[in-house]
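Engineer: So the protein lines, in turn, are chains S and Y.
Per the working numbering, residue 1 is the first one in the first sequence, and the count goes up by one each step.
Per the working numbering, residue 1001 is the first one in the second sequence, and the count goes up by one each step.
Among the hints, a few may not be true.
[As the list claims (entries may be wrong)] Part of the chain S face toward chain Y, derived, beta carbon under 10 Å:
(1) 173
(2) 175
(3) 183
(4) 184
(5) 185
(6) 186
(7) 188
(8) 221
(9) 222
Derived by calculation from the structure, the hints in this document are not laboratory data.
Note that the Cβ used here is the ideal one computed from N, Cα and C, for glycine as well.
Chain by chain, the residues run as shown.
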Amino acid sequence: MIAVAAILLSDLFAVVMLFGVYSLLTAALFMDLDAVDVAFTEAAVGAGVTTVLMLSSLHLTKRWEALPRRKPLLGLLVIGITGAALVYAVLDAPLLGDPTAPVHQHVTPRYLEQGAEEVGMPNLVTAVLASYRGYDTFGETVVIFTAGLAVLLLLGIHEDARMRPGVSAIGDQVVLRSVVKPLLPLILLFGLYVQFHGDFGAGGGFQAGVIFATAFVLYDLVFGDGSARAVVPPGWLHRLAALGVLIYGGVGVYSLLAGKAFLDYSALAADPVHGQHLGVLLVELGVGIAVFSVVLLIFYAFSGRSRRR
Amino acid sequence: MTVILEWLSGLCLLLGGVLCISGGVGLLRMPDFFSRVHASGVTETLAAPLLLSGLLLQMELSLDSVKVIMILILVLATNPTATHAMAKATLHGGQRPLEFANGKDIGGDGSSKP
């Protein structure tokens, strides 16, 4: 229903807010399905960062959606046929939680039964994400890095004379500054907690990177662009993003040089389980650094530009 | 003792729910942006900690209850700040509060002189 409203409205500001509400409800739905890590990531990214990024991109474009000049009937036909085909395919899918479904048959029992001894961490989601399926997570990190690169190539980070430290967009900010200033170290501490706690509870590199970036975005919003760029200069960010991907790939290459397969963590230490712990720690660190720098980079790119009046 | 705690927790949860609904009604029925934001800010800043303390009374003291206390303090600190930020941004954008005198909207020029 929220999605239908978001499609029908033409006030893009309201649409962005509806997207945030939609993401929050999806996170609640994931919680209901017992997928805590996914819900955490969806809430942090969808209801948090994406709303801010879309609002700052709205600053660059118009607020009201331009109506299309002609009715695209061919597009409607294509989407109708594709949608019908997808619905027909979904009808054939196994029921949720069906124990004879293929997804529960082949690799999953091995993860569930041997995951605790092979990887040695209580959170199986992190074990699967970072160790059993580490190659896929490496792909995700590279995709995030590529997105940051694309934004840099298309928009660039623009600095101008209006961005001096201490100048902020809306005048005097006594209440906001005095509340946000003590809050920021707590947010950063929480980000670190989520990063290193991913082995034991919900958490991991993606969520931690987003939370870390959110702290700096909050600082930017309250204290002004100039102060934020004095704290984290934009020139660092693409280097940090590359560093994150390099850490992840470096772990893989080290395993190759040590004679085992790419991203085989047992090559990192004498005891294989210890090697798994070390490997997961390092790759989650790489992911966290990459996600943090890309999110902050996208925010800087959007907020640094203004419509030429 | 546990009976008192259960009753107290139920009372807190009920009050929190009633305040949430009342905040929602205020959000829908108030005539002006500033009064809407005030309605939702005040009621929900009280409702969320009430709901959380209702849940807290049903837990024994553990790491989870410390986390709930932290969430409670966070909501208590950030909800009014967010309300303030919204009102400030709206004022910066140019919208002024409605002012009524003798049943007609006399508007306002944003200054605080009487």
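Engineer: Which hint numbers does the structure go against, in order from smallest to largest?
Structural biologist: Of the numbered hints, 4, 5 and 7 do not hold.
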